[in-house]
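S.K.: At position 101 of the sequence shown the residue is numbered 101 (UniProt numbering), and the sequence of numbers has no breaks.
Hints in this document: simulated from the structure, not taken from any laboratory. Among these hints, one or two may not hold up.
[As the list claims (entries may be wrong)] EDC-like mimics (lysine to aspartate or glutamate), calculated; alpha carbons at most 20 Å apart, straight line:
1) Lys73 with Asp39
2) Lys8 with Asp94
3) Lys264 with Asp157
4) Lys8 with Glu150
5) Lys73 with Glu44
[Said to hold, decoys possible] What follows is a set of in silico ranges between Cβ atoms, one per label pair, in the way DEER data are often shown:
6) Asn137 with Leu3: 35 to 43 Å
7) Ile57 with Asn137: 23 to 31 Å
8) Lys164 with Glu53: 34 to 42 Å
9) Glu7 with Val153: 17 to 25 Å
10) Asn273 with Pro4: 34 to 42 Å
We put the CB at the ideal spot given by N, CA and C, even for glycine.
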Amino acid sequence: MMLPVYEKLQKCYKSFQEKINFQPKVGLILGSGLGDYADEIKVESTLDYHEIEGFPISTVAGHKGRYIFGYIKDIPVVIMQGRVHYYEGYDISDVVLPTRLMKLMGAEVLFLTNASGSVNYDFQAGDFMLISDHIANFVPSPLLGPNMDELGVRFPDMSDIYNKELRTIIKQTAKELEIPLKEGVYIQLTGPNYESPSEVKMCRILGADAVGMSTACEAIAANHMGMKICGISCVSNLGCGLSDQPLTHAEVQETAIRVAPLFKELITASIINIAKNL
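Generate coordinates for the entire structure from the input sequences, incorporating the hints supplied.
M.R.: Following this line, the structure appears as structure tokens:
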């Protein structure tokens, strides 16, 4: 008997197949401040999340909520404008369903982006951090429950979640573009509240450099399915306790929008260079 989570995924995939004839090589999830990135590529077609049967819909203001299919240079990509977060009240299986669907569409690489708060005193608002690893113990694993053998093994290895080869390519790309790029560990907490000073201290003790409310669970699901994964986080603010200023969503958006042109340049060049090695 087909598992309910897998059955739902298959329904979404069938809905996609009925509407879109496109096979991407790279899947890109856009974080805060990057929502208009998809407007700058050669767009072939779009698919609103509402048009996909059973698909979870983002409730966050400013998230357009659709897949964009098109080309970055000559590389076929699928781009998510608006992701679903665990704090919106969805089951974790729904949070990662869009990622799993991109793999079924044909994407071999998952490129994750987000906005995060710094818990590292050496990071400043506006920095870019290449994600080298993550801590995801504070949100449920998307692999809980019966394993979907069609997607991956019961106990997937997690030693190279953020593919070392892809990280090398991105670092070299950033160097060529003269865009400063930090590297560090990302920790996902549930949100939607920002962290307390003591929680920021906890994150730092655990070995994190930046904290956010997405990404790690998506990486786990993609890794389970055998995708190559990379991720860049835009440090949009200093974590609570590292600054005297109270945290606001507006501050996060302002920083993300301010550095978006450089972020877009780095993403585009990185995807082009990654595609050469696929």
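S.K.: With reference to the structure, classify each hint as holding or not holding.
M.R.: Status of each hint after checking the structure:
1. A distance of roughly 14 Å separates the Cα atoms of Lys73 and Asp39; the hinted pair therefore holds under the 20 Å criterion.
2. Simply put, Lys8 and Asp94 have alpha-carbon atoms about 9 Å apart, close enough for the 20 Å limit, and the pair holds.
3. Distance hint between Lys264 and Asp157 is unfulfilled; the C-alpha atoms sit about 31 Å from each other, more than 20 Å.
4. The suggested pairing of Lys8 with Glu150 holds, with an alpha-carbon distance near 14 Å, which does not exceed 20 Å.
5. At roughly 13 Å between alpha-carbon atoms, Lys73 and Glu44 fall within 20 Å of each other, so this suggested pair holds.
6. Between Asn137 and Leu3 the CB atoms are about 24 Å apart, so this pair departs from the stated range of 35 to 43 Å.
7. A hinted range of 23 to 31 Å for the beta carbons of Ile57 and Asn137 is consistent with their spacing of about 28 Å.
8. About 38 Å separates the C-beta atoms of Lys164 and Glu53, a value consistent with the hinted range of 34 to 42 Å.
9. Between Glu7 and Val153 the CB atoms are about 20 Å apart, so this pair conforms to the stated range of 17 to 25 Å.
10. In this structure the hint that Asn273 and Pro4 lie 34 to 42 Å apart at CB holds, the actual value being about 40 Å.
Hint compliance for this structure: hints 3 and 6 are broken, all remaining hints hold.
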